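These protein sequences, in sequence, are chains A and B.
Heads up: the first sequence begins at 104 in our numbering, then just goes up one per residue.
Heads up: the second sequence begins at 182 in our numbering, then just goes up one per residue.
By construction, these hints were calculated from the structure, which means they are not laboratory data.
One or more of the hints may lead you astray.
Stated by the list, open to error - Okay, derived cross-link-like pairs now, PhoX-like style, lysine-lysine, Cα gap no bigger than 25 Å in a straight line:
#1 A:Lys280 with A:Lys250
#2 B:Lys222 with A:Lys250
#3 B:Lys222 with A:Lys280
Quick caveat, the model's predicted, so the values are computed rather than measured.
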Amino acid sequence: MQRPNDSNDHDLMSRCRQGDAVAFEEIVRRWEQPLGRMVGHLAGPGADVDDLCQEVFVRILRARERYRPSHSFSTWVYRIALNVARDNRRREVRRAQQALHAHDQASAAPSPADAIEAQETAQIVDAAVRALPDALREVLVLKHFGKLSFVEVAEATDVPLGTVKSRMAVALRELRKELQRRGLTDAG
Amino acid sequence: MRCQEVLDQLPVLAYNELDNESAARCHEHLAGCAACQAEWKSIRGALSLLDQAPRRQTQVDLAAICLRIARQQRRGRAVSRWVIGASAAAALVVGMIAAQLLAVNLEPGRLTVAWSAKPAPDAQEAGDQATGDRVGPLHATHDGGSGAGQATQPPGALAANLQRSPNTLVLLFEGDQSFARRRLRNALSLDDDALGASFDQAFSRSREPERKNNSSAEPEPITYSGLRRKMIEGQPKRIPGATPPGA
């Protein structure tokens, strides 16, 4: 996944703050794919990624006056996306709890059909990433799919740099375990 | 360098974010330590598998962004003039790309609507054959310019006008009215039948000036206050304490 150029984004955001609608469209077109991929990994399994991306851009638009050109645009955007994904996860947890109350017990086990479909490597990797605890997954996704530096990940997550590095190490270790548990042994 | 130090650095090393000196020391240790070397290979294997994660295509709907903002603003926030321009530009772009989408924005006393037209069946068929995705005609009218009447413009000219005066552009529809009305009704969440019927009447009336004097007069823009007034006028009067008809 390509990460758009920050200096161009600064220019676009500056025009956007002055009311240039075309600049905002350009931002959307430049960032919809990187954000979509990242939000897809951060949000819950049933999330409507397109809808969440729209929410990210709504928040970007509403927060445009608070954007500081001295900061990295990508870090700012991913921080907004992270918050949207977190909000969505909280909503999903609430919905799941309500559904549990309504239906007493709901089985979370994947159906045999799902298991067969999940033989695809991409799906296994996706499932392994989703299986990581939130704090680890956020660091891994921002770092690997968001292409942020460790310093930028620390800024986006509001976590000390040392913690980010150690979480990344743990995330990779847990990811390998998940991949192996799901039958992908190439990781080792 | 001790093994634990190296292991802590491996993720940073994998992303080439270690300084040269530390990276050289790590590689030196890895060359002589089988356990750390195995861990290093394992990390690189996991990262390579991560690159095989699914790549889905995201399609962000610009009109939906504007609509969402408009709805939030309708719930009591101040309306930014900027958004009006954004909605028109968004609808234009979305219309050009995806066709048949709609953007609506509200400001006090005014509703600005922009949407792309569904082409007539024969035109749609021809367009499908030619491009696979076709937009019906879009007409532009400036509501602030002196003597600027309605003019049919190609998308390029429309975009240029949008950039010149994004806050005063109103996009008008020509083509399948029932389609546009349906989309507008849905966008405004007018689920109630009576309210929806009133809206349909208001929508038709708002287009009458355009039909009557198509060449010179500026069509009346659809205003929120006007729509509300017409909807209220179209509703049966409710008298407190009176028995509803048929009750």
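Results of checking the hints against the structure:
Restraint check: the Cα-Cα separation between Lys280 (chain A) and Lys250 (chain A) comes to about 23 Å, which is no more than 25 Å; the hinted pair holds. Among the hinted pairs, Lys222 (chain B) with Lys250 (chain A) is consistent with the structure: their alpha-carbon atoms are about 21 Å apart, no more than 25 Å. Distance restraint check for Lys222 (chain B) and Lys280 (chain A): the Cα-Cα separation of roughly 14 Å lies within the 25 Å cut-off, and the hinted pair is therefore satisfied.
Going through the hint list in order, the structure satisfies each hint without exception.
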